[in-house]
Amino acid sequence: MEKTMAKSEEYVLELENITKIFPGVKALDHVSFQVKKGEVHALVGENGAGKSTLINIISGVFRQTEGQVKIDGKMIELDTPEKAFQAGVGVVHQERNLIDTFTVAENICFMEESGKLSGKVDYKAMCAKAKKVMERIHLDLDPDEPVTSLTSGKKQMIEIARAISMNSQILLLDEPTASISLTEANTLLETVKKLREEGISIIYISHKLEEIFSIADSVTVIRDGKNIGETVPIGELTNETLIEKMVGRKQSVKAYDKRDFSEASVIMEARNITSRQNKIPKSFQLKKGEILGWYGLVGAGRTEFAREIIGIDPAESGELLIHGKEARVRSYEEAFSRYQICYVSENRKEEGLFLMHSIADNVGIIALKEITSKAGFISYRKQADLTEKYKKELGIKCKSIQVDVASLSGGNQQKICIAKGLCTSPDIMIIDEPTVGIDVRTKGDIHELIYQLSQQGMSIIVISSDMGELVGLVDRILVFRDNEIRGELENEKDYDAMSKQIMGTILL
Amino acid sequence: MNNRIGFKKLTKMENFSVIVIIMLMILVMQFITGNYISLDNFSVLCKTLAIYTIIGVSQMINISCGGMNVSIGATGGLSAVIAAWLMYSHNCNIFLAFLAGVAVGILCGLLNGYLINRIGGVGVASFLITLATTSIFSSLVLIISNGRGIATVNSSFRAIGNTKLFGFLPSSAFFVLAVLIIIYWVYKKTRVGRQMLAFGANPKAAKLYGVDQLKILLSANVIASILASLAGLLLIMRVGSAQVDIGNDWMLSSFAAPLIGGTRQAGGKVNVFGVLLGAIVLTLISNALVFMGVDAYWQELVNGVVILVIMGLDQLRSVTGRNKE
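As you go down the protein sequences, you meet chains A and B in turn.
In terms of this note's numbering, the first sequence opens at residue 1 and continues consecutively.
In terms of this note's numbering, the second sequence opens at residue 509 and continues consecutively.
Do not take every clue at face value.
Across the chosen pairs, the derived CB separations fall in these ranges [as the list claims (entries may be wrong)]:
1) ASN167(A) <-> HIS598(B): 50 to 60 Å
2) LYS124(A) <-> ASP548(B): 43 to 53 Å
3) LYS672(B) <-> ARG276(A): 54 to 64 Å
4) ASN167(A) <-> LYS696(B): 35 to 45 Å
Bear in mind the hints are in silico, worked out from the structure with no lab data behind them.
For each residue, glycine too, the CB sits at the ideal point set by N, CA and C.
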């Protein structure tokens, strides 16, 4: 008797046998776990394991098909986001959800304005309240400031402020550090710790294991919509055992062999490239069959530099030599049709894919020349053949090539992006953040794919903020900081030594 | 020195360029005609201005939450014809007839809002739905009035529209002022106003944080349609008959007035008093064309060009603004 009393008091949130069925898909299958008061409870699992669906159920966006949610030991129906907020559940979803035309105060106190339609809005009171909430998380902003001009890290903090503004006891954070810089991520982690001290329970989703080990108290692993075993205190886990639980088999980040390119020919050379935005000249060489890594923090100017090379934002001065001849890339169209350079954007959903179209149409649109008949009409048979070829070569997992790209996991979407790049039969491929938001297992597949392409003679530039990925995969690393190339390192494929060298170059 | 800073502030004001354009237009007209700035002309302008402003505010509400309403004219026409018909054929009390006209607006708004929500929310959905309801409403106008309109409107009803305070300020000016103040207050101070703006700026985020799409679409469409009816009723008060073509030429102007006045085209940001300025520009253009004896057929062409120019300038401003950052 005493024991059960203690138990129900101890847990702030209890999930019992939560099942969610979407038309045709069982996203969650009898998931159960409990969250204690004042703990950081990490929820880990591969992409598509069902973590975000779970967050959406706890925050009232979706209604579970089966199962119960209990808050403070009491059963509760969370069928609208509003109800969840009133029940003390604050949420920061994976995508940014701020009202851009509103001020900081209004965004933080948005729940005071939403809900019922009648009633007045007291802006001064909202500013005062927003200030208080921001103090709690050490965020120093003018409540009257518009949110448009803030950095993504600050915006993320505003979302957290909004989530705790209703005196939330439970805070759900879905990949909060995915798109913010390292310093901002550290501030965020500090904030999470502080909120835990205040007694708030936090459910924390992240793909970054080091974050999990630095802040979580306990971990629940979700795989294929089911929870794998009971919740485990963080002390009982190591990197390897956690990854093993997530993917179901033992796997570590594979390091490929060291290769020697001293004899290889230079396929592309940039000499003192500058643009209107970036006045610091940048130079580098890329050799045939080589994988060149561009490391740097978010905002270090890597993507911008890539866009200058491929002509999206053409460079202002400097020389670009391709196969030893001077090249003038004035548009991306020229980059891939004339100079055989292709670029795979870090922004899959917006810049890489037509989400509502099928896989075949996504591939076909970039290979129009190949799939058009002599009369100038599109041959769907040719399109299907071409897509099937890539599906097989790249190991794209899907029911058929006619399904919408939107329905696929991040990893498979990334493979389609690469397939689209390959359609232009490039000599040089620039891949921007190839595995961002992609689970551990598919990450390995993508690395293997990139490596195989380089073995076939393609030269590849991999832009990545994931140091482990670069050290395992690439042959040479350029380190970027503040729009400048700070150093060039031969990759020894030894993580400990390389990471120290890279950090040394950045902090120099 | 102080003066210069004051002037700089003035030029940074959102509607500075529109105000300058208005003043220039008035000066040019005064120069050409010699008697443009007069009380008589002022009260004539006020009446046209009233209609442009109210339909502009109506459209602004739809734009503010990310949609549009091409049925404003048809709604106004239907309200006007039904009110006139009740007074003419059924000897209905003018006050009740007025309320009936407004009620028609509410019904039209509810229908639009409900259907827009059903087929997906904003943007193209609102265009398609209101395009369809336009034909329904316009056709009802023809059915009710046997295709001929209602030739005479009750004289006391007409009197409301033709009363002038202090000899030059028409009654419609007060309607307009009331509408502007109320709508300004709604957007500034009420939950429903803020929710409309939030929904217009980011529908997904708004929904995730407790804004109900159906409620917002219904509110916006009902308020907007009430204003459309009001415009229709004001028009028949003034001209004294309810023609079947009332509202046919409102659509473009209803978009032009708020856009000239600084309302964000994509939703989420409004400038209520800016609509008045936009309406003044439209009124002055139509008035100038009349003064200069230009064929009325040119009116729409000029309006179209004005909208394109305004949108072009807007684009230019946002581009140069970004470069400065």
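Here is what the structure says about each hint:
Take ASN167(A) and HIS598(B): their Cβ atoms lie about 58 Å apart, and the range 50 to 60 Å holds. The given range of 43 to 53 Å is respected by LYS124(A) and ASP548(B), whose C-beta atoms sit roughly 46 Å from each other. Our hint of 54 to 64 Å for LYS672(B) and ARG276(A) holds, since their Cβ atoms are close to 60 Å apart. The given range of 35 to 45 Å is broken by ASN167(A) and LYS696(B), whose C-beta atoms sit roughly 27 Å from each other.
When each numbered hint is compared with the structure, a violation occurs for hint 4 only.
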